[in-house]
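Q: What follows is each chain in one-letter form.
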Amino acid sequence: MPVREGIYGLLAEFNTPSELVHATEMAHRAGYRRMECYTPYPVEEAAEALRFHKTRVPLICLIGGIMGLITGYGMEVWINVWGYPLNIRAMPLFSWPAFVIPGYEWTILFSGLSAAFGMIALNGLPQLYHPLFNAPNFRDGATTDKFFLCLEAHDPRFSIAETRVFLEQFNPVSVVEVDH
Amino acid sequence: MATQGPIHDPETVHDPMIDPRTGEYAVIAPGHNFRSVTQKIAGIVLTGSTPWAWWGGFFFAATIAVGVVIGVTWLFLKGVGIWGVTIPGAWGFAIINFVWWIGIGHAGTLISAILLLFKQGWRNSINRFAEAMTIFAVCCAGMFPLLHIGRPWLGYWLFPYPNTMNVWPQFRSPLAWDVFAVSTYATISIVFWYIGMVPDFGTLRDRAKSPIAKYLYGLVALGWRGSTRHWIRYESASLLLAGLSTPLVLSVHTTISFDFAVAAMAGWHTTIFPPYFVAGAVYSGFAMVLTLAIPIRKFYHLEDLVTLRHLDNMAKVMLVTGSIVAYGYGMEVFMSWYSASHWEFFMMWNRMFGPMGWAYWLLILTNIAIPLTTLWSRRLRVSPGYLFFLSFVVNIGMWFERFVIVVTSLYREYLPSSWGTYRATFWDYILFIGTWGFFTVLFLLFARLAPMIPMSEIRMMLPQTKVRPGGQPADRVVEEAL
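Protein chains in written order, with my numbering: chain A, 3 to 182; chain B, 23 to 504.
Just so you know, these hints were derived from the structure itself, not from any lab. Not one of these hints is a red herring.
Taking lysine-lysine pairs in the PhoX-like style, the calculated list, with each CA pair at most 25 Å apart, reads:
#1 B:LYS320 to B:LYS338
#2 B:LYS62 to B:LYS488
#3 B:LYS62 to B:LYS320
#4 A:LYS56 to B:LYS488
#5 A:LYS56 to B:LYS141
#6 B:LYS236 to B:LYS62
Same shape as in the complex, but just chain A (with noise of 0.2 Å):
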């Protein structure tokens, strides 16, 4: 659990997402990690500068459709050979042919599901309360049209002094402390 007590960091307002990302790429370098940038838009540079490259979305979405595959098939299989055999027009009990179209939307189903709920568990949603709604300029830029980086306070290269002057070099619109 981070600290929750004192700040939550500084963040620092961009109106260019080319200052963003030249911010957050320095900042990197300078060794900060606990940071994250907040965009109206995805902004792919700004994942770069994070070094944030990989999601888990995909795999979770590739074992939602093996699981959709398998129940949906395999429920087909069995309602219809051992559970509920019925001798339809003298086809073979098991017709595997015309079981692939609902196993095939099971897939679908369940991969979309995964996908889509994988997501919003990966980011933690919902999630309604967050500290940097706190901050005066967030909620009119973030989802407009400014960009923001924010620095935690629990990176351990974070002092709320020197971390200021640091962003201040990169010329943002305001660098406000965001409490928790």
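Fit chain B to the given chain A structure using the hints.
A: Then chain B, alone, in the frame of chain A:
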């Protein structure tokens, strides 16, 4: 037919909406920035005053939707005997309307998924309401088979679940496949739509003034704060959902075509059905997107974001899918002769020149003769008035296509002694017309309460998104981009 490109066309060269480098209409009108697109789209939802025309449209549509309530109530009291379905025409309006509505929905998934995979950036402006259209069309479509089963309150028997009767579904039937295909389609469409809206709900939460709007949008935004790590996972999930929806949308209409193609019925038992059904679905769906987009962009002044480029591109997709449909019609005629089957041959003769031959020629007129001759003209493809008219023409045609397929094969099948006819009753019509109202009501509610155009995706299309190495000062970059 095709007019010259605008680069050489003295009439259109001064149009500010045309990008001089490509000669195409711009996807987004020049001069927008992140804040202006956000305010434009969020402003539609976050206004305290609902336009009177919205209320007018809402009450008009709601009045029509009462037809569903009346039609369903009487159906529950009396049973499906009040419809025109009987032997030999055992599949009537219910199946026609089901296929028609679900086909309309397919364009939404095509726009949101397939065009995303093909990196067609222009789709961003229309993708949200096309997805909404999909979901509402599936709602209308799903109603019909459920009512047609006769005892809709036992509809859950369609699903495999352990029960005291020890009865299970029979998976060798295309009708059981339908249950899986359509329920999966509805679920994935809703999830894709909602996930797409989460960042925009975050914007609405942050821009809302009224505490109720803040609270409600805050709930549905799930606490979205635009974190880069979140965005990367989000993009990954969106891409996966698009990749999954693409085969899904093809499989759904393929499965629906199997309802016909698996049956040993003249006119149905053909291998051309799956591709021809899918193309027809996309054709009618794009027509419906135009029906919705043209009045909406006018009413909400969204011409900057849903530009003539979008209309042009959608008309081109219709031209392609319409041509595939025309090929399907041609193949049906050819195969009925080439099969050397007496019954196939008679079916086609009866379809063209029998008592309901007018329906066949009407669909040839509305699906092929009118659209496939005029859509080659660029001037007509960028004319909202003409496309609005054409969208109705095509959807009438696509409804008659399903009417012709369902009815003409059934009412004169193999044995002349069992020939009959099909006449829809008042209760068929009231339910069908009621679903138009129901669809419109849902769509108007969506337009009022949710962001119709995905704000985060529109922002990605602006020139200001370009990241320059070294982080240049803010004012210079913004100035250059504008």
